[in-house]
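Chemist: Now for the letters of each chain:
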Amino acid sequence: MKQAIALTVNGDVYEVLISPNQTLLEVLRDKLGLTGTKKGCDLGACGACSVLLDGEAYLSCLMLAVDAVGKEIVTIEGLSEGGDLHPIQKSFVELGGLQCGFCTPGIVMTAKAILDEEPQPTEESVKKKMAGNLCRCTGYKKVIESVMSASGRMGGKQ
Amino acid sequence: MRLPKFDYRQPESIQEACAILLDQPDAKVLAGGTDLLVNMKHRVETPSMIVSLKGLRDLDYVRKANGMVRIGALTRLKKVYNDPFVAKKLPALAAAASSVGSYHHQTMGTLGGNLCQQTRCKYFNQSKWWRSARPLCFKAGGDPCHVAKKDQVCYSTYCGDVAPALLVLNAEVVLSGREGSKQVPLESIFSGVGKTPLNLEPGQILTEIVIPEQSADGFSTYKKIANRGSIDFPIVGAAVWTSASTGESRIALTAVDRKPVRTRQLEDFLKGLELNEETIQGVDGLVAKETQLMMSSIDSISYKRKLMGQLVKSALSEAMGGR
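Chains as they are written, first to last, in the numbering used here: chain P, 3 to 160; chain L, 3 to 325.
Keep in mind the hints are simulated off the structure, nothing from the lab.
In this text, a Cβ means the ideal position worked out from N, Cα and C, and glycines have one as well.
Each hint should be verified, as a subset may be incorrect.
Claimed, not checked - The list that follows gives simulated cross-link-like pairs (lysine-lysine, DSSO-like), each with its CA atoms no further than 27 Å apart: (1) K130/L x K41/P; (2) K90/L x K129/P; (3) K30/L x K4/P; (4) K73/P x K30/L.
Stated by the list, open to error - Now the stretches of chain L that chain P is said to cover, found in silico as 3 or more residues with beta-carbon under 8 Å: (5) 6-20; (6) 194-206; (7) 257-267.
Chain L with its partners taken away, still in its complex shape (with noise of 0.2 Å):
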């Protein structure tokens, strides 16, 4: 399947490509290109130009500082799993780096883009022949949503293993500007629109995760369930973290809304109980309220909410055993 016709450019700095980004307001930017690449070829998503980051090197670490840990955005999902704080002492984050696509992707994929990455429907996620027997859907540049049976809308579904994981890590990430960077809470920059998933401004790249190191003083874990274990994408992905010392839990789930999501009621009915057996016995239900299931997988609504239920139950579950 070819590649349809872009320009290419290969910056030397962030600078250079927050410059560039806001010159070509269609440009994309290409960091592992397992995301980008397969859309482009499905014909879903046709810049003009592509802003490769594949040349810039000091975006690559993990590191301690100021009782921070930071990760540059391109640094590739393998290396973060296999980094020993973060192997250690942030289970949920190399969980979640680790369930990503296939070995291949792990290796190729970086952790910032795998935030970055598109929102995913079964009307969307299609070569351009098997879209063709339908009129073009909201997202790939027409107007009905084929799953709301409306017009102008979008349904499509955030199914990033990693964001989940860095939510409740209550992680932190750096966006570069041409103006400058600013830090800002890893939920704010999800829209929850379907059509446009990311809050970025014109020209501007996320460069930087950054996530407090009191994050490694809890249990944390990232559970997922999908069609196969070795390479889809979760049909639910659930993230728990929860601290003995203070009594408090932290809950996101993926691939059930347009965005990631943190289930906040949930984790305030949790706060301070004693988890056990008991407490955690009405969690699906209040999970189910969290979020808007939609039909834009081949799974039915009803099975993903069991889903939703069970994963947090046996995340909560393990969460005793761990404190």
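Next up, chain P with everything else stripped away, as it sits in the complex (with noise of 0.2 Å):
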């Protein structure tokens, strides 16, 4: 049975009509639009869909939508600010973190998780963390640099 839920999602309050069989995931892309977060094998193994939830990198694919009420829901559109990209993606544009550019969004949103946890990691802890998040181009090589340069242009050091 359909249900009426509220979801906030990059600070705007959304009332969507969905049934509980539905993830996150396709809540955000089927029904408001917002398809910057990717679906990718959709079973938790690629971290294409990764959102931040309260500020932690989740993954929507595994998430079921009604359970996402009441939580800060921030996707891929709601990093930038007026225009203007956020350091993170910033970084990743200079120092050219992206090929095909399929797996960004979920990479840039584990990025904001990782660094807000931890303004000034280490290059194995970004490994780490970063190695649910797949690249079939397989830049990890920059993608890691990126983080790394972000991390210095929010204010850690590195």
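Fit chain to chain and form the complex, with the hints in mind.
Modeler: Next comes the structure, spelled out in structure tokens:
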């Protein structure tokens, strides 16, 4: 049976009619049109669907939309402010931390969660926490460089 | 991949959750969701109702009281291994919790949910389309076991990382039902039956993990071999706890049988012996006798047997240094 829920996404409250079996990923993409969050494996193995829930990196494909009620959800669309890219996004652009770009929204959101939790991470720590975000272009080296550079840009030392 | 349809309930208390489960024997409990929802997408689990525990706030804690460390079942793995006491004094638990899946799974997955995860098999953890090439296996609702080539049995393997660590730390668990709660040894909740791996009564929910503080006095570690260090389930995982003062050792393995296994014969053999290169020479032979390895993954039995021996040896060698 469909039910109406309110989701807080990127600071805006959306009322949506959903079925309990819809994942947060499906609702973000298909109901709210926020297609920046990508559907990769849809089984929690690739990280392309990563979003922030109350500041932490969650896999939106393994989260029921109805369970996200009351949480602050942030997607890639909510990261930049007034047309200005977020420092993490700037680092990825400048250092070429992306190739085809499909995994990038998930990677950037995971990077945000990592840097909020640990503003000056070691490269080892970034590698370990990023390991669940797969990039099939295999551009991992530049991804790690971009996250480390973003850490510096956001005030952490490198 | 769409989830199958189900009714959804979000109870506000454990008592309410237990009552719903008693009423709806087919219902499943959802904690972190990282195991159940994947199995549902694969259509190997299709409960008519989901009882989501995400609304419960009071099962999220790590606290010490009366010589016990008590951890709420809904405490997420990341919080468990970031807890200063766990990180410093219970290194086997910290290592196991931080080796589960990826960072995201550790952020979402709970300690109780990790213990209660489904067993795994190369014929079971597959999409409906993949599985359609063979008759439905026993665990998924059919008759045959494609691993054992027999009917009405299941040799799926328990692959949880945290269970062996908690077993060597002598953990107990609190099971809550409508009639109240009881504390039982962790080992007793694993049935060893592939199709129904947990000994939980209808309406029962695992609500707390209890570790005696004495377990913090020994050396402990968890070691895991997986295809990718980043995200995979273990090919084999081994936890070891040793005490210099009592000369006791406790050893447990995962991904080697239908339940996590305490290797008691090996523990008896090591009892009172000084751990050194010589005494740990023969441990691989003893370890192999205490598990029932089957080809339920893509790794061969002989490969797993070798890994198992090596992992236990390497953990015991570390214990020699750590004593």
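Chemist: If a hint holds in the structure, say so; if it does not, say that too.
Modeler: The hints, checked one at a time:
{"no.": "1", "hint": "K130/L x K41/P", "in the structure": "holds (19 Å)"}
{"no.": "2", "hint": "K90/L x K129/P", "in the structure": "holds (23 Å)"}
{"no.": "3", "hint": "K30/L x K4/P", "in the structure": "holds (20 Å)"}
{"no.": "4", "hint": "K73/P x K30/L", "in the structure": "holds (23 Å)"}
{"no.": "5", "hint": "6-20", "in the structure": "holds (count 6)"}
{"no.": "6", "hint": "194-206", "in the structure": "violated (count 0)"}
{"no.": "7", "hint": "257-267", "in the structure": "violated (count 0)"}
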